[in-house]
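Work out the full structure, taking the sequences as your base and the hints as a guide.
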Amino acid sequence: MIELENLGYSYGGAALFSDISVKLTPGSFHFLTGPSGAGKTTLLKLCYGALHPTVGVVRAFGNDLRDMERDDVSMLRRKVGVVHQDCQFLDHLSVADNIALPLAVSGRLDDAATSDMEELLAWVGLTDRASARPPELSGGERQRAALARAVIMSPDVVIADEPTGNVDWEMSQRLLRLLVELNKMGKAVLIATHDLSLIRAAKTSVQARVLRISNGRVQLAGADL
Amino acid sequence: MSRIVPGEGLRRIILGDPQADRVVPPTGFTAQLTLLAAGAMAFLAVFALALSLAAGRLADRWGDELARTSTIRISAPQDQRTAQTMAAMQILETTAGVVFARVLDPAEQEALLAPWFGDQLDLSTLPFPQLIEIIEEDEGFDAVGLRLRLAAEVPGAVLDDHSRWRQPLVRAASRLRLLGWLSIGLIALSMAAMVTLAAQAALAATAPVIATLRLVGATDRYIAQAFIRRFTLRALGGAGLGTALGLVAVLMLPRAEIEAGVLTGLGFQGWHWALAFLIPVVAAGVAMLATGTATRRTLKRLT
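For the protein sequence lines, the chains are A and B, in the order given. Quick note, the first sequence lines up with residues 17 to 241 if you use my numbering. Quick note, the second sequence lines up with residues 5 to 307 if you use my numbering.
Treat the hints as calculated values from the structure; they're not laboratory data. We put the beta carbon where it would ideally sit given N, CA and C, even for glycine. Keep in mind that the hints are not guaranteed to be accurate.
Using 27 Å as the maximum straight-line C-alpha spacing, the simulated BS3-like pairs for lysine-lysine come out as follows [claimed, not checked]:
| hint | chain 1 | residue 1 | chain 2 | residue 2 |
| --- | --- | --- | --- | --- |
| 1 | A | Lys200 | A | Lys39 |
| 2 | B | Lys304 | A | Lys200 |
| 3 | A | Lys95 | B | Lys304 |
| 4 | A | Lys61 | A | Lys95 |
| 5 | A | Lys95 | A | Lys200 |
| 6 | A | Lys200 | A | Lys61 |
Computed spacing ranges between beta-carbons, pair by pair [what the hints assert, rightly or not]:
| hint | chain 1 | residue 1 | chain 2 | residue 2 | range |
| --- | --- | --- | --- | --- | --- |
| 7 | A | Asp102 | B | Lys304 | 20 to 26 Å |
| 8 | A | His210 | B | Ala205 | 36 to 42 Å |
| 9 | B | Leu255 | A | Asp126 | 37 to 43 Å |
What follows is the structure, given as structure tokens:
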């Protein structure tokens, strides 16, 4: 679904990483780990076209992202659910409206979507917080709302950047369970995290590959966790 | 990137997708600025349009009326005046292109001079020439040929085909009309500039919102429409109000038949009223184009 081929990325001439090749296939589960500043977020952004690689090719659903128009990249993002590090909500809208945003921008906000929405709010445990504004949510609630927004379009790929970064252990386990559930539905999942305990916890329920970015290269840190 | 083209019309913008409008947060100050700018510009546009149309009517009237009339002035000694007048009339009767010619009587000539010399003027005390009024066919007559004949047969006659003073007047009125349209053009440009600045400010202030919208799959077209719809509706509302106030002000101007003067008669007549009601529509169109251009340019930079 998403394929990174010999990818390299430089900031102002200095190489952040190079020669990275990764394939996200249906039902695959990847963790991306590494020290802060190694390029985890950059690599995720390259996956959904928010950045363009300095060298190499990113293929999403068979298309080279370099050849895609801006609006085509936007259409691609409807197939890739992204949980951003800081969630990126629209604070003037309610939680429910924020979660429904992908439906709104793609013109699919109909009655059926409203019913799916209620189901989704229940799934992430935010039914009671539907009409709240994002600033009123706790860290865990924000992450769950961001996850709900990422999956409302039933994307083929879910990309999460430090989804458990601001939450306690119990909440991080709850979020992990949601991501594993999605993976079991056949979605490809890619999670960037520096939280090794999260990776170890995932070991009990899912076959995951751990990719470690270090010294500008990606290494397979462990398989069959 | 998809383009918002003017041909898609105001209707789609106005009816549009209210959901798209909702996802863009309110942009308070720029909203007031757009409303105020559109209102003020529409108010000025009403006057510029009225001026242009009035000048156009004036140019047409002067052109039409004066182009079809000429005058022969007979300046001869008193004892020869009647004979020369009769001779001139005979020449005019046989001149192609002359529909009608008549000798002005003393009372009419006195009336012509009354604005300068008063009502009590006795023309017999002044060496005032005899005037003959000529009404021409649409094609006019051969002025050069007529002058030659008059010079040969009526030595005291001078043909004045009015072109000497008609042309500057018509030219002045035409320039005034052009000035009016130029003003309307400048007003439209100024409004476009203000709306562009307001839209750019709104876009810059909402850059994080735009980043989020693009993250969840919003196309540039979707984002642009939200801004275009908002600014177009504001311009339409502001210009509607400005036009209404402008029309009230025009209606309150002194009327031509009451106050004689160059600027009286400034206003709308007949179907010209319809043009005034087009001002808000044009303002909305200008806002739509300006916002579309600003949005496309800014969106390219933002992501």
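Outcome of the hint check:
For a cut-off of 27 Å, the pair hint linking A/Lys200 to A/Lys39 stands: about 18 Å separates their Cα positions. At roughly 38 Å between alpha-carbon atoms, B/Lys304 and A/Lys200 are farther apart than 27 Å, so this suggested pair is violated. Using a Cα cut-off of 27 Å, the hinted pair A/Lys95 and B/Lys304 holds, with the two alpha carbons roughly 22 Å apart. With a C-alpha separation of about 14 Å, the suggested pairing of A/Lys61 with A/Lys95 holds against the 27 Å cut-off.
Between A/Lys95 and A/Lys200 the CA atoms are separated by roughly 17 Å; this keeps the pair inside 27 Å, and the hint holds. The hinted pair formed by A/Lys200 and A/Lys61 meets the criterion: a straight-line CA distance of about 24 Å does not exceed 27 Å. Between A/Asp102 and B/Lys304 the beta carbon distance is about 24 Å. The supplied range of 20 to 26 Å therefore holds. Between A/His210 and B/Ala205 the C-beta distance comes to about 39 Å, which sits within the given range of 36 to 42 Å.
A hinted range of 37 to 43 Å is violated for the C-beta pair B/Leu255 and A/Asp126, which are about 50 Å apart.
Hints 2 and 9, counting from the list given before, are not met by this structure.
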